[in-house]
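These protein sequences, in sequence, are chains A and B. For the first sequence, our numbering gives the first residue as 1, with consecutive numbering after it. For the second sequence, our numbering gives the first residue as 1, with consecutive numbering after it.
Just so you know, these hints were derived from the structure itself, not from any lab. Note that the structure is predicted; figures quoted are calculated from it, not measured. Glycine included, C-beta positions come from ideal geometry on N, C-alpha and C. Honestly, I wouldn't trust all of these hints.
What the hints assert, rightly or not - One-sided excerpt, in silico: chain A residues whose CB lies under 10 Å from chain B:
1. GLY173
2. PHE177
3. PHE224
4. LEU268
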Amino acid sequence: MRPMRAAAGVPAAVLVLCATLLAADAQAPDHDAGAPAILVSRQLAARAHLAAGDLVTLGSDPQGSRRATFRIAGIYEPTPDPMRFTATRLEARMHLPDLVDLVADPADPASREAVTSISVRLTSPADAASFVPQLAARTPGVAARPTSRARDDDPFAVLDRFHVAISAVTMAGGTAFLLALMVIRAEERRETVGILRLLGISRRTLLLTVAIEGVAIAALGAVFGILLAFATEGLVNRIFQARYDTALVFVRVTASIAARSVLIAAPLGIAAGIAASWTLLRRDVLSIVRR
Amino acid sequence: MSALHLAWRTVRRYRAQTLLAIAGVAVIGALLFDMLLLSRGLLLSFADLLERAGYDVRIVGGGGMTLRMPIPGSAGIADTLRGLPEIETVALVRILPARVAGRNGTSVSAALIGVSGAASGVWTIVRGVDLDRASGEPCPVIVGRTLADALHAAPGDDVRITAEPAGVRSALPPIVCRVAGVGQFAFGGAGDETVATTLEALHRASGEDRAGDADLILARSRADAGAAAAVAAIQRARPGLAVYSNDEVLEQFNRNGFAYFRQISLVLSSLTMVFAFLLVATLLTVSVNQRLGEIAALRAIGIGRRRVAAMLLWESALLVGVGGLLALPLGELLALGLDRILRQMPGLPEQLHFFVFEPRALAVHVAVLVVTAVAAAAYPMWVTSRLPIAATLRREVVG
Numbered sequence: 001m002r003p004m005r006a007a008a009g010v011p012a013a014v015l016v017l018c019a020t021l022l023a024a025d026a027q028a029p030d031h032d033a034g035a036p037a038i039l040v041s042r043q044l045a046a047r048a049h050l051a052a053g054d055l056v057t058l059g060s061d062p063q064g065s066r067r068a069t070f071r072i073a074g075i076y077e078p079t080p081d082p083m084r085f086t087a088t089r090l091e092a093r094m095h096l097p098d099l100v101d102l103v104a105d106p107a108d109p110a111s112r113e114a115v116t117s118i119s120v121r122l123t124s125p126a127d128a129a130s131f132v133p134q135l136a137a138r139t140p141g142v143a144a145r146p147t148s149r150a151r152d153d154d155p156f157a158v159l160d161r162f163h164v165a166i167s168a169v170t171m172a173g174g175t176a177f178l179l180a181l182m183v184i185r186a187e188e189r190r191e192t193v194g195i196l197r198l199l200g201i202s203r204r205t206l207l208l209t210v211a212i213e214g215v216a217i218a219a220l221g222a223v224f225g226i227l228l229a230f231a232t233e234g235l236v237n238r239i240f241q242a243r244y245d246t247a248l249v250f251v252r253v254t255a256s257i258a259a260r261s262v263l264i265a266a267p268l269g270i271a272a273g274i275a276a277s278w279t280l281l282r283r284d285v286l287s288i289v290r291r
Numbered sequence: 001m002s003a004l005h006l007a008w009r010t011v012r013r014y015r016a017q018t019l020l021a022i023a024g025v026a027v028i029g030a031l032l033f034d035m036l037l038l039s040r041g042l043l044l045s046f047a048d049l050l051e052r053a054g055y056d057v058r059i060v061g062g063g064g065m066t067l068r069m070p071i072p073g074s075a076g077i078a079d080t081l082r083g084l085p086e087i088e089t090v091a092l093v094r095i096l097p098a099r100v101a102g103r104n105g106t107s108v109s110a111a112l113i114g115v116s117g118a119a120s121g122v123w124t125i126v127r128g129v130d131l132d133r134a135s136g137e138p139c140p141v142i143v144g145r146t147l148a149d150a151l152h153a154a155p156g157d158d159v160r161i162t163a164e165p166a167g168v169r170s171a172l173p174p175i176v177c178r179v180a181g182v183g184q185f186a187f188g189g190a191g192d193e194t195v196a197t198t199l200e201a202l203h204r205a206s207g208e209d210r211a212g213d214a215d216l217i218l219a220r221s222r223a224d225a226g227a228a229a230a231v232a233a234i235q236r237a238r239p240g241l242a243v244y245s246n247d248e249v250l251e252q253f254n255r256n257g258f259a260y261f262r263q264i265s266l267v268l269s270s271l272t273m274v275f276a277f278l279l280v281a282t283l284l285t286v287s288v289n290q291r292l293g294e295i296a297a298l299r300a301i302g303i304g305r306r307r308v309a310a311m312l313l314w315e316s317a318l319l320v321g322v323g324g325l326l327a328l329p330l331g332e333l334l335a336l337g338l339d340r341i342l343r344q345m346p347g348l349p350e351q352l353h354f355f356v357f358e359p360r361a362l363a364v365h366v367a368v369l370v371v372t373a374v375a376a377a378a379y380p381m382w383v384t385s386r387l388p389i390a391a392t393l394r395r396e397v398v399g
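Work out the full structure, taking the sequences as your base and the hints as a guide.
Take a look at the structure:
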C-alpha cells in the first residue's frame with residue numbers, strides 16, 4: 001500500500017480555552033506590560049465589558065488556584081458554526097505555549113506534550129478515507145476522522161431532505177387551490193368559450209391559450225414569490241442572528257433555488273389551467289352555451 | 001331555509017371546486033398540524049425518555065450536560081447521596097470506548113457502559129435477563145440489539161471486550177464476558193453500538209489500578225420529597241456539584257438543543273396559517289363574485305343580509321371544517337414520514353421522536369382553523385352585505 005503523506009501537520013497554534021475569567025483590569029500596571037496576548041470573542045467581550053488593551057486574569061479552575069494574566073490584543077467574531085448556533089460563544093484564543101503553561105499539570109511532564117486535537121491537511125484530500133485507518137493502526141489510542149462528512153452522516157443533509165419534503169407538501173396544497181381557482185375561472189368564462197367555439201376556434205387553440213395564460217400566471221406568481229423571499233431574506237437573517245447572537249446566515253435565496261421555483265411552478269400552472277379548462281372544453285359546444 | 005342549508009346547497013352545486021378546496025385545506029391543515037406536533041414533540045419525547053429511566057436527579061462533571069467529563073470523587077459523592085433522606089436510589093454510570101468481539105470473530109467498536117446498582121430503565125431487556133439476575137457471573141453484559149445482530153450473539157454466549165480509553169496508548173488484554181441479555185438502550189443512537197456491564201467488570205476491563213470516576217451519577221428522589229428537594233439537599237451536602245433535576249435538564253435542552261425545531265415549527269405554522277387564510281379567502285371571494293346575481297336574487301326574494309352573511313360563514317366553515325378534519329389523519333401519516341426523515345440525523349437516541357401527539361396540539365389546531373375560517377369569510381361577507389340589490393340584478397341578470 002502506498003504510504004500516506006501529510007502535507008502539513010499543524011498542532012493548533014491557538015486553541016479555544018475552557019477556563020474561567022477571574023478578573024479584568026482596564027488599567028495595565030507596568031509590571032504586566034509584557035503579558036502574553038490573547039483574543040476574546042465578541043460575545044465574551046460584551047458579557048465581561050472587555051476591550052482591546054485590557055488586562056485579564058484567566059484561571060483553569062473556578063477557584064483560580066492556577067492563573068495567569070493576559071493582555072487582550074483584539075476582539076474576534078467566532079466563525080459561525082451551524083452545529084453550535086444555539087451556544088453562547090464565550091471564548092478566548094491564545095498561543096498554544098501560553099495555554100500549556102496555564103493548564104499543564106506540573107507533576108506530570110507528559111501533560112505539556114498533550115494537545116486536544118491535531119489538524120492535518122492531506123496532499124490529496126481523496127485519500128482521507130484510507131488515511132484514517134492507517135493512522136489508527138500506527139498510533140493506537142488516537143482517534144482520527146475526516147473533517148468532511150459523508151452525505152448519509154451529515155445532519156444538514158437530513159434537514160435538507162426535511163425541507164424538501166415540507167416544500168413538496170406545500171406544493172401539493174397549493175396545486176389543489178390553484179386547480180380550484182382555475183375551475184372557477186373556467187366556469188366564469190363559459191359563455192365566452194362557447195361563443196369562440198361557435199365562431200370556429202378549435203379546442204386545441206383554446207387549450208393553448210389557457211396553457212399560455214397558466215404559464216404567465218404561474219411564472220408571475222413564482223417571480224413575485226422570489227422577490228418576496230429576497231425582500232424578507234435580510235429580515236429573517238437579522239431576527240435569527242439577533243436571537244442567537246451569531247453571524248450565521250440562516251436563509252439565502254440562491255439563483256439555483258429561484259430557478260427551481262420557476263421550473264416547478266410553470267408546469268404546475270400549465271397543468272392546472274389545462275385540467276380546469278378541459279372539463280369545460282370536452283363538452284359539446286351547444287351544452288357550453290346552454291342550448 | 002336556514003343559512004346552513006343554503007351553504008350546503010351551494011357547496012354541493014359547485015362540487016368540483018368544493019372538493020379541490022377541501023383537498024387544499026386538508027393538505028395545508030396536515031402541515032399545520034404537523035408543525036404543532038413538532039413544536040413540542042422533541043421535548044415531550046425527551047421528557048418521556050428521562051422519566052422512563054426511573055431517575056429524576058442527574059449529577060454530571062465539569063463539562064455540564066453537553067460534555068461528558070468524569071466527576072472527581074464520584075464514589076464518595078454516591079456514599080453521601082445514599083445517606084440523604086431525600087434520596088431513594090443512587091446509580092453510577094461510567095462510559096469507555098471499547099471493542100467487542102463475538103464468537104464468529106467479528107469485532108465491533110462500541111460504547112462500554114458500566115453501571116453500579118440497579119439501572120433499570122436505562123435499557124429495556126428484549127431477550128434474556130437483566131444484569132442483577134445474572135448472579136454468579138463475573139462479567140455479565142447487556143448487548144444492544146444491533147450489536148447482538150452484528151456479533152450473532154445471544155443470551156448465554158461469550159464475548160470478548162477490550163477497553164480502549166480515549167487519548168491513551170494502550171493494548172489492554174480483552175476480558176471474557178457472558179451475554180445476560182439483549183437490550184434496547186434509551187439514549188442509544190440508531191447507529192451506535194452499546195454494551196453495558198457492572199462497574200466492577202468495567203474496572204477490570206480498563207486495567208486501571210483504582211476504580212475510575214463516574215461520568216454520570218443518577219439518583220431517584222423519594223416520592224414524599226420530590227426532585228427539587230433532592231437537588232437542594234445534594235447541593236447543601238456537596239456544594240459546587242453540577243446537579244440537575246429532570247425538569248432542569250429539559251429546560252436546558254429546550255433552551256439550546258431543541259431551539260431550531262421550535263423556531264422552524266413556529267415559522268412554518270404561521271406561514272401555513274397565512275397560506276390557508278389567503279387561499280380560502282381568495283376562493284370564497286372569487287366564488288362570491290361569480291354568484292353576485294344569485295346572491296342579489298336571494299336578497300330580492302326576502303332573505304336578509306344577516307342570513308346571506310351567515311351562509312357565507314357556513315360555506316367557509318364547511319370548507320375549512322371538513323378539510324381540517326381530514327387534515328388530522330393525513331397529518332398523522334405525514335408526521336410518520338417526516339419523523340422517519342428527521343430521525344436519520346446522526347447521534348440521536350433511537351427512541352427519540354420529533355412529532356408527538358398531545359391534546360394541546362389538537363386544541364391549537366382547531367382554534368387556528370376556526371380563526372382562519374372566520375377571517376377568510378370576512379371580506380366576502382362584507383361585499384355581500386353592501387350589495388345594491390336592484391343594480392346588481394340589472395347588471396348580472398338582465399345585462
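Cut-off 10 Å, beta-carbon criterion: hint that PHE224/A touches chain B = violated, 13 Å
ask   = Would the stated hint for LEU268/A survive a check requiring a Cβ distance to chain B of less than 10 Å?
value = violated, 13 Å
task = For the hint on PHE177/A, just tell me whether its beta-carbon gets within less than 10 Å of chain B.
result = Hint on PHE177/A: holds, closest Cβ of chain B at ~4 Å, below 10 Å.
inquiry  = Would the hint on GLY173/A be counted as holding, given a Cβ-Cβ threshold of 10 Å to chain B?
reply    = holds, 4 Å
Violation of the numbered hints given earlier is confined to hints 3, 4; the remaining hints are satisfied by the structure.
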